[in-house]
Amino acid sequence: MIPPVAIEIAVLVLGLVVLMFETFAQQLDKRVVGLVTIVGLIAIFAATFFLAPPPAAMTGPLWNFYAADTIGLVFKRFMIITTIFVLLMMADYAPSVRALVGGATSESGLGEFFTLPIFTCAGLMYLVSAIDLVMIFVSLELVTISFYVLISLTRRNPITLEAGVKYLVLSAMSTGFIVYGITWIFGVTGQTNLQRIATALAASSADQSAALFGVLLVIVGLGFKIAAVPFQIWVPDVYQGAPTPVTAFLSVGSKAAGFVVLLRILQPFLVLPNIGRLLIFIALLTLIYGNLAALPQTNFKRLLGYSSIAHAGYLLVGVACFDGPAVTFYLFAYLLMTLLSFAVLVIVAQQTGERIEDFDGLAERSPFLAFAMLMAMASLAGVPLTAGFFGKFLIFMAAIAQRQTALIVAGAIGVACGFYYYLKIVRAMYWQPAANAERIPVSGLSRLAMTILIIGIVWLGVYPSTVLNALKSKDRPVMLSAGEQTLNR
Amino acid sequence: MSLLILILPLLGALLIMLGAPARKTALFVAVAALLSTLVAFSQFRGNGGFEFVSTYSIAPDLHLSFTLGLDGLSLLLVLLATIVTVAAVWFAGPIERNERAFYICLLLISAGTIGAFASLDLFFFYAFHELALIPTFLLIGIWGSGNRSAAAWKITIYLGLGSFILLIGLIMLYQSLPVDSRTFDMREIRNLAAQISPEAQRRIFLVLLIGFGSLISLFPFHSWAPEAYASAPAPAAMLHAGVLKKFGLYGLLRLALPVLPAGLQYWTNLLVILLLGNIIYIGLVTITQKRLDWMLGYSSVMHMGYIFLGIATASVLGTTGAAALMFAHGLSIALLFAIAGEVRKRTGTLIFEDLGGLAKVMPVAGLAFGFGAFAAIGLPGLANFAAEIMVFFGSVQKGWETGRFHLFQWATVLALWGVVISSVYMLRAYRSSFMGTMPERWKDVVDLRRSLRVPLVLLISTLLWFGFFPQTLIRVISPAFRTTLAVPPAP
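Protein chains in written order, with the working numbering: chain V, 1 to 489; chain Z, 1001 to 1491.
Treat the hints as calculated values from the structure; they're not laboratory data. All C-beta atoms, glycine included, are put in the ideal place defined by N, C-alpha and C. All clues given are correct.
Just so you have them, the derived chain V footprint on chain Z, three or more residues with Cβ under 8 Å: (1) 1134 to 1141; (2) 1160 to 1166.
Here are some chain Z residues the structure puts well away from chain V; computed CB gaps all over 10 Å: (3) T1183; (4) E1188; (5) R1202; (6) P1261; (7) I1273; (8) V1316; (9) R1441; (10) R1482.
Computed beta-carbon distance windows for the label pairs: (11) R1097/Z <-> I452/V: 24 to 34 Å; (12) T1349/Z <-> A99/V: 49 to 59 Å; (13) T451/V <-> P1198/Z: 44 to 54 Å; (14) R1482/Z <-> I452/V: 42 to 52 Å.
With the hints as constraints, model all of the structure from the sequences given.
Here is the structure:
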């Protein structure tokens, strides 16, 4: 049996080993590094199924800031899966990196490109297990700093540089908000551990308005990470400018971790007045803005950026209704469909381009890629029997149970818009004639990866229990059940 | 058995995707599905309950399972779906562009409708209907004619939004059940119906009426329908107008009537006024149409009004008539769209002014169109007549029972005038396209090829059979309504 803490350590060690290996293997085709990493991560993923149960008491220095609970474990697997698929995409993206890094040799930059995601993955895994504000801050920094490098890696591309600077500035600012919020919370409660904060806040002597201000600052900071309106301004530019696999990583991994942290942080503060109303307001804005702004987009990566804001809106509906399982399921569905659409985009964009009209006639040039994209778009739009639909179903079930009429109406508007902007891609692929009839080659590995994602989308759409059962915890009640009680009171 | 009927078209779509010859496979699975439905029909006992039930658990926490089963109503609609699928696939003919995808889309629509009618579980009932959404978008967008792009967007966004509203209604229904007995199983929901408070029933019924109503093209949510049907390739229009649109009506009969009686009672007057909008207003709009495809599209919207009238009565007679009319209308509108599609293929136009006298060169098509038009008008001897008469009797009876000069009696009188309206536009269409003098340029137009007579005979003979022997139909349907419309057991 493997102790729970060993998983993150294994990922870190893997990262260091690969980094050393890569430094001394100058002549190697660096895609091999990526493949080695993938194999290592698959082994670690398999190891997560043989973890020893955490100690019953969970006391001691480690367990003050680290929780080995079900939700953490589920999301650690989530992060490993995401990283594996991102690395696969990076292997397809290698030619663009070679062209745009401009180092001494043709392989410079590729080594970092394949190793940095491992450290990001470790950061994300620590983040979903963190139950202490300091730990949350430190792992958030690990994630963000590796993203600074990854986003601006293809530095010969001016758009990429712009994206890198924007992400750097805004991310630093949002981190500032989080730290400032943490100091306020510490000032009110004298604690950084989330559970002890809950106890301290429940005491009548706690200064509630100061605590509310603190948590508000933290929500602002996290709002940047999950791309919630009004903190979404960086999203379209950074998504468009970053190397496509990095955009996918940012869109799935960073967002999922942000939501887990948001759920964990919010739990102790639910006793405060107005938190629920504030979340509903943010969810409403995010839903409407994300969906309406996606309508006129002509660049596919930008469109996916706005769509990621829109999905943050749906997820925030789940958060505002305090339904942890629904949010988790939605994130898994979002992982599958977003990674699938980015995987197709990476291949198509290197042949033609990133605009929507570059997808014209894809059905003739590569029926497989067109079908994969069709499935991704159907799932993102929320067509039944796909994972995306079941996610929306669970989210709106929670919203209807809580009679959140405004959220439901905004959701209806969002769904109608979604049909338009996602099917725009389908229209380009199937209706429009191709500019040239040359076939687009797809490597066997990418084909396998996409097939797995397609099967996953259909499987979760028909048999959602796979994820829902994994959430049923033996050790602790599923998160935010306390919140539900608070809200129903 | 019900699983087999559902799997066949899905299997066909999968095989075509993997490289089987498109048209042959599609035709084979369509005929096989029709034959298995006929076998189910002959084994059907018809004692009012669900038969051929099979269940697979999906999400036990939510009491969600994949359950298939057929009672009289759903069996009839599955029969309609399989008949029209055979006809649609047969009429599809050679497709120039991307033949595989075309047949895959057709089979997916077919599987979606069969699945929706055969599911006993709210979730899959909804999900299977939505399965048809993207194939419809592609069929109209890729192989459509006229203003196909606008039509495809309109139908997809309209129906996407409509079904989202429907989904909200269904979740509201689920959550109005007592917490410990929440279930997605329609049979159990019916047994729990008495525990839903009248206020909740009213609220849910209104949401369901808007949701289902936009799928059925209830006035004023109808504007997507004529345009989409006019632009769609004939097989898609046949399946959509003939079968898929019946989903909403089926939903009202299956859910709203037995589970939400208080809701229906509260909103009856609104429903009657809206359905008169379908019959009278859309009827008059239909008369003014100048193109055959638009005329057929509007007429199919108009005829929904009669079915709504039967549903609004909430009596065994009226609903049996409504169900029979769904079946008959599905066959007749499929027949009409099929012929219109063949005419368009040969002449390239469906504007009345350009057509005329086509019966001289296309006698078989002319005859078939005549049957379809007469059936749509409701001439005795064809299935629509028997069904409409039941709807009218049911409606008058309902009016009589509630009060001497009740809204229902006025509605019946106006609906009977609607029959006059529909004979005006149908006969005018028939005259201006198949009768009269033929423009010189159509003298080389050829009649339907010989093999196409098979689906025509299939459609027409079914219309005639149930026109002369309506009791064969009613015997299957009405036990289902006797059980569903009976007063639900007290808690």
